[in-house]
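Engineer: First to last, the protein sequences are chains A and B.
The letter at position 146 of the first sequence is residue 146 when you use my numbering, and the numbering goes up by one with no holes.
Converting from the second sequence to my numbering requires adding 1000 to each position, the first position being numbered 1.
One or more of the hints may lead you astray.
Unchecked claim - Under the rule of at most 27 Å between Cα atoms (straight-line distance), these lysine-lysine pairs were calculated in the DSS-like manner:
#1 B:K1195 to A:K356
#2 A:K201 to A:K211
#3 A:K157 to B:K1195
It should be emphasised that the hints constitute simulated quantities derived from the structure, not laboratory data.
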Amino acid sequence: MKSADLQKMSFLAKLALCAWAVAGLIAQANAWGFSYGDQSGNNQACLSCHGKTGEVPKGTFIDPQRFTQTAHANLGCEACHATVPANHPDGNKVPRADCRECHSGISEEYAKGLHASKTACNGCHNPHLVQNPKDVSGQEINMICSNCHNSLEMTAKHGEWLPQSELHLRMLPCITCHTGAKDYYISMYIVKSKGDSRYGKQEVAEYADLKAMAGGRPIVSLIDTNRDNYVSLEELRVFNRTQASLHLHGMMTPSTVSHKFEILDSRRNCSFCHTSGSGPMQTSFIAVPEADGSFLRVPVEKGAVLDALYAAPDFYMMGSTKNGKLNQIGLAIICCGLIMPVGHGFVRFLTRKNRKQKEHQS
Amino acid sequence: MSEKTRIYLQPWPIRIWHWINASGIIILILSGAQIRFPETLSIFTSYKSAIEVHNTAGIIVSISFSFWFFYYKMVKNTLDKLYIPDEEDIKHGLVRQLLYYCFWYFLGRPSPYHATPDHKFNPMQKSAYLAVMFVLMPLVGLTGILLLNVTPLRVLILMWGGIKFIVALHFLLACSLLAFLCTHVYLATLGDYIKPMLIGWEEVEEHAEAEAPTEVAIPGYRPVRHYPEYEQELLEQRHS
């Protein structure tokens, strides 16, 4: 090939490249109008409309405060809504990603489960509010389940085989039993009694209430007084003594959640949870509500759940949360009861001749 | 020669109550132990069956306890007399009975107490039963009822100091009952106490015999407590 031809081709290639770049820029300029191009999570343009209740239809409202805390927000709107048309809003639905594109493993697992024929991912998860299970309270998880499963019916159904079914269903997120989780920990939520009465109905304390109680300091300082992001038994003791209307409500939560939601026979065996000394049962956290609706988990000194007097006063799980010191006191009491039979019986044996003689004499 | 007299010491309702209570408490102790130590004990096969057995036995014992109270308080009206130590019991009876158990029994001397239907228990028994029947049993029963109904009785549980406190109390009370049970069963072997609890009748020697002066006078030792009203009754029975 001649050098003149080469120069000609090179020029044409540069021209084509420029044309493609200009076309790209024009396309991008159209897209910028909806701000889904900046994948660093600059979702402001979308949220400028979708973050306001009055601006968009109810179903498309996205709570900006909660959305920005989700993992999905970090990906940016574009990651899921890649091909928003230039003339948006044009009345047509915006295309959205299939969850399987990113969560293929979970989707496959979910497809094998009982729920797959009933609902898709968005039946339980709002993609604009998704949070890690550890950031959601057990009550909130159960609220999702109760959208389809009537809680009264469920209590009755579980009561066919589960002793104290109402108590179990209140103290456990459904996913604790209905997933293949292997490890668990105890999450202690701060609950507040209605009307500040100790005996009123207890509900997970809200961020605003706790913030007011903390007097401008972070909520965690209500318990973690030295702010080392770790709750010692002493701090727990002080909290339980000083807070009249606040209580700690323990819940057993799985550390990992599988998505088959199957009915596991192993979970019907009470010893699965109710055995003492199992490691995960002794790991506990205080779940402190955050402004965005999630929970900050603060680790608690090991053995807090086992502490008979100062840990969550309303949390006790037979067997697993038994207290070692109480066992020792109980054993000492039983031993005291044995002193009389053993001691007296021994002397009785040694002095048996005395009684025989007396009987003989009489 | 000593003459034997038969006394109807334990009426049939009390005998039935006693054995229901005894078997119920033993079942409660065994199932309770499995509930607390599920990883080491498997007496009632599964944990669930241990809970069901424990709950059922607990309800039966609670009902039988209420029956006992009703029978003695309302029907026989002898509850206070039987279970509350009187002045004489506190002043002398307790020490005398303690001396008997600790020394005189080993020397082969007779018990300083003689049971009658209205005074079935010696001062030490009275004091122990007072604690067991009026404090331990009601408390263990009440804490058990609370634990059986955690959701509906939540307010009561909170008033008592929370579920953890109640579980701890229930456990320690149960240990105390077990401690008492050991002593109770052992002391029953010291005399002829099991037979009356089975058939109701106890054979006792005549008071005159028991009142015979002891060979060695021990300070404070008074052989048998007298119940003139009962002796009169016995005499009348014998003559009729």
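Engineer: Hint by hint, note whether the structure agrees.
Structural biologist: Cross-check of the supplied hints:
1. Proximity of K1195 of chain B to K356 of chain A is assessed by CA-CA distance (about 21 Å); at most 27 Å being required, the pair is judged to hold.
2. A threshold of 27 Å between alpha carbons decides the hint, and for K201 of chain A with K211 of chain A the separation of about 21 Å falls inside it, so the pair holds.
3. Taking the CA atoms of K157 of chain A and K1195 of chain B, the gap is near 50 Å; set against the 27 Å cutoff, the hint is violated.
In this structure, the one hint that does not hold is number 3.
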